Structure formats: C-alpha cells, structure tokens
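Chain B: place on chain A using the hints.
There are 2 protein chains.
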Amino acid sequence: MKFVEKLRRIQRKNNSLLCIGLDTDVLKVPEFLYAYGDPQFEFNRRIIDATRDIVCAYKMNDAFYESAGEHGWYTVHQTLARIPEEIVTIGDGKRGDIPTSAERQAMLLCEDWEFSGTTVSPYMGRDSVEPFIRREDQCAFVLALTSNKGAKDFQYAKVKGRPLYEHVVTTARKWNSKKNIGLVVGANRPSELKRIRSLAPDLPILVPGIGAQKGNLEAAVRYGSDKRGELVIINIGRGIIYASDGKDFAQKAREAALSYREKMNRYRN
Amino acid sequence: MKFVEKLRRIQRKNNSLLCIGLDTDVLKVPEFLYAYGDPQFEFNRRIIDATRDIVCAYKMNDAFYESAGEHGWYTVHQTLARIPEEIVTIGDGKRGDIPTSAERQAMLLCEDWEFSGTTVSPYMGRDSVEPFIRREDQCAFVLALTSNKGAKDFQYAKVKGRPLYEHVVTTARKWNSKKNIGLVVGANRPSELKRIRSLAPDLPILVPGIGAQKGNLEAAVRYGSDKRGELVIINIGRGIIYASDGKDFAQKAREAALSYREKMNRYRN
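Those protein sequences? They're chains A and B, same order as listed. The first sequence lines up with residues 1 to 269 when you count with the working numbering. The second sequence lines up with residues 1 to 269 when you count with the working numbering.
Bound-form chain A, shown alone (with noise of 0.2 Å):
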C-alpha cells in the first residue's frame, strides 16, 4: 500500500492527525520504571497500548535510542513491535548521505527497524535521498522549515527572490515520482506553512513544534491539512509522554492526547 493511502486510512479510522513523538528520555521516566530491565521500552510501551486507538503515527527520534549505547538497537525494534501495523511510524533520523553511505542508514531505518517513514535532511541533495524512498509504502519527510531557531540562519535565504525553503519544497516535488515524498514544517510558522501547503497541496506534512516547542496548533491544523482536512501529521511529544511522572503517566497521556486530538478535529477543514 502507498504511504499516502495508510496515512490517509488510520487518520480516518482513529479519527486523528497527532502523532505522538516517543522521543523518551531515559532520566524522565518515572522512577518505578527503573525496576526493569530497559525503563524507556516499558515507558513505550505503556504509551503506545494507551494511546494507539487515537493517533494516525508514532515518531521516534533515533537520538534518542542510539546514545542509550548498545541497547539502543534493541528497545527501537520492541518499540516498533508493540504498535500496530495499521499505524504509521516515523524515524527522526534527519538523515542523508553520499549514495554509498546512505544506502546503509537506510538500512538501518527503512530494512532493519522498517520504519514507515523517515526524516532526511536536503543539504546533500538528491542522491542523499533516494536510499530512502525506494520503497513505495515508506515516505521520507524531507525537513523544509524547520522549528529551532537555527531555522533562520540559512532556510530563509533568498534564492531567486524567494526563500530557500521554498525552493526545497518544489524540488522535493520533483523527487516525488513514486508519491512517497513529504516535508517537515515548524509549527511556530503559520504563514510559511500555509504558503508550503499551497505549493505542495498532494504531500504528507509532518509538524513538529507544538507543545513543548509552543507551536501554534489551529495554524498547524488549518493550514497544514489538505483539502480533506489530512496528510498533516502533527507530532506532540513532551506535552503527553511527560504529562505525569506517577504511575498514572500512561493515562495521563491519553488524557492528553484525547485532548489534543479534540482540538484539531475542531480545526480541520
């Protein structure tokens, strides 16, 4: 199945645009995970069984998993094994690579932990890229407009009058013959974002920014959806995972994450 169409169907099944980004920091888990064996698996897993009847993804930033050493490896793959097929997953490596070099990240991130989607980074171009959408069911989300504030140091140069994000955009267009392209959108730039969805009115967006990163979320909603009112992926991480740091996190989570969920519904065209 194309990556658009299982997008599209899990957003329309769980009724929902959020992503939950599983970004877990081993050192704010609580405490009582610690009796396991791997505490940021057992978080995961209380997250996803709580929360995987209302989210259309899940994000993984692989930082986060591969500086925990050599088990690293090990709690991405039970993580994965724990959500269900229908869900999307995102690897958050920001990755790309001369051909030879990127053949093996993707490897790793579409092969081995067979991700549904990635994140690349368009500096290198291309041939950076293409080890990533080889695949029709597996996107890679190509970062356009980024949330940090680095963002304006060089996406935001003009190249023939306009902004190099935009450029990224449309080039990323034209890699998208298999329909497995998308982009990374901040949620703390409307207007950019409204103006990205515009040029790129076919392609998935993932949204990163809202909560913690104090995106704005009608923004995101309205003017990252399409026409539809789909095929924008809204990532909240902090604001659920660390909703409590009892052992009720796991339902407080979903609170949250209802909660999320019920606003954008509000807001999708």
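Calculated from the structure, these hints are not laboratory results. As the structure is a prediction and not an experimental result, all values here were calculated from the model. Hints may be right or wrong, so weigh each one.
The list treats identical chains as one, so a pair stands whether inside a single copy or across any two.
Taking lysine-lysine pairs in the DSS-like style, the calculated list, with each CA pair at most 25 Å apart, reads [said to hold, decoys possible]:
# : residue 1 : residue 2
1 : K152      : K179
2 : K152      : K2
3 : K179      : K149
4 : K2        : K214
5 : K174      : K247
6 : K194      : K149
7 : K174      : K158
8 : K149      : K160
Relative to chain A, chain B alone:
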C-alpha cells in the same frame, strides 16, 4: 589541547595529511576474517595497526556500524580504542537537529564514542550544531560543498549573488568562537575548494572524494591546505582499505597509504 593544535601536531609527527576512511563494509572484508566474532573490527584493527604511523586521522562513517545492529556500537568503541590518542578521529554522521535532540546525538558521538571530530549538516543552523562544539578539543566539520551529484541541487543556489555553500562557509566562521569549527569540501570541486580556503584561511577542511570518487588529489592538497601546508585532512577510504581482498590486505593498504602520503607531500605548500 585545542583541536587545531592536535591536528597540526599529528600532521607534523606523521608527516601526513592522509585520513583513512574506515567505512568498513562487512561484505567486502577478506573471507578469512569471517572466522572471528566481529569481522568488521578485526578488519579495522589490522588496517589501523598497519597505518597508524603514516596518517593524521581516521574517519568512521557511523552508518556502516549502526546498520550492523546492536553490535555496531561495540565495534565503534573497539575500533576507537585501537587508535593512538594522538591521532584525530572523525565520526562522520552528518548529524544536526533541534537542540534537545542534537544534544543526544552529541552524547553518542562526542561523549560516549568520544570522536575528536564529527561532521554536521548546516541546514538547521547554529543551534543544531552547538552541542558538537562544546569541547574545545572536539571539532564539528560543517558540510559546505559535498562530493555527490546532489550537491548541485541546493549548494550552488545563488544567495545575494554568491553560492549557498559560500554563505555556509562565512556563517560557520562566525560560529567559530572556540576555534573548533571545520568544513567539508569534496575533492572533485577544485576551484570551489580554492575559493573556500581563501574565505576560511584558518579552518580545518576535511576533503572526501579521492579514490573511488575520482577527486583531484593535487588540487585537494594545493588548494585545501593552509599557508603552512597543513589543516587539510584528505580522506581516502575504499582506495586504501580494499587495496587487496586477500590475506595481505593490511600490508597492501599500508603500501597504498604510503603512496598517497608521498603524492600529497609532493603537492604541499
């Protein structure tokens, strides 16, 4: 010791600008190494032992190790432990992310593995790179102009009349308050390398693309080195480590490395 000082010392001691790229593909190591528990490490160990007196640096692209699954983390550790302290080690991960995630990336590359240098992508700007330049003895090599085809997609885009990569270079110089920023420039872009060196006379430049990627060695040395004939790190991977696929592979790698070192020294300023 500051990174630049460490680099100059080893370049003088070993009279070498050569960096060997240990991007070891486990499918390309000589068959007799499969008898060992970790053929990738056994390969690296022998290459290091055979070349440690004639190089200034070793570069490891982490994609070749992380794709090996849970064991990759050990292989990197073991390989690094085999490299003498005085030699520069570069973790070629092309990382960079929003600060909370970039800190995790740096935890792995700069603290856990403790590479003396890393490669970072500029697209997300200053705060995405900062965790990699916290320690004065560790250098972040910012991708300026890469050796792959895709470099043409965005890196040459004209911004205020100059190519984007030049803006990356001048901006990276501004980030260099701790004297631990470097640049990556492909060996197949000689005139651009010359220009970049003139814009950044004091920055270390990592030059990939010689050998299998057919870059220009003479230009890499002449245009990449600083006034003292130093501060350019010329990476050669496949052209050295796969010089032979027999039992003599380490000896043949040494011979190839010696020959490259000699050629480079002939062209040095």
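Hint by hint, here is what the structure shows:
1. Proximity of K152 and K179 under a CA criterion of 25 Å is satisfied inter-copy only: 23 Å between copies versus 29 Å inside one chain copy.
2. Taking identical chains as interchangeable, the C-alpha atoms of K152 and K2 are never at most 25 Å apart, the minima being 34 Å within one chain and 29 Å between chains.
3. Proximity of K179 and K149 under a CA criterion of 25 Å is satisfied inter-copy only: 22 Å between copies versus 31 Å inside one chain copy.
4. In this assembly of identical chains, the alpha carbons of K2 and K214 never lie at most 25 Å apart, being 32 Å within a copy and 38 Å across copies at closest.
5. Taking the closest pair of Cα atoms, K174 and K247 never come within 25 Å of each other, the shortest separation being 48 Å inside a single copy and 47 Å across copies.
6. In this assembly of identical chains, the alpha carbons of K194 and K149 lie at most 25 Å apart only when taken from the same copy (20 Å versus 31 Å across copies).
7. Taking the shortest Cα distances, K174 and K158 sit within 25 Å of each other both inside one copy (20 Å) and across copies (20 Å).
8. In this assembly of identical chains, the alpha carbons of K149 and K160 lie at most 25 Å apart whether taken from the same copy (24 Å) or from different copies (22 Å).
Of the hints listed earlier, those the structure fails to meet are numbers 2, 4 and 5, in rising order.
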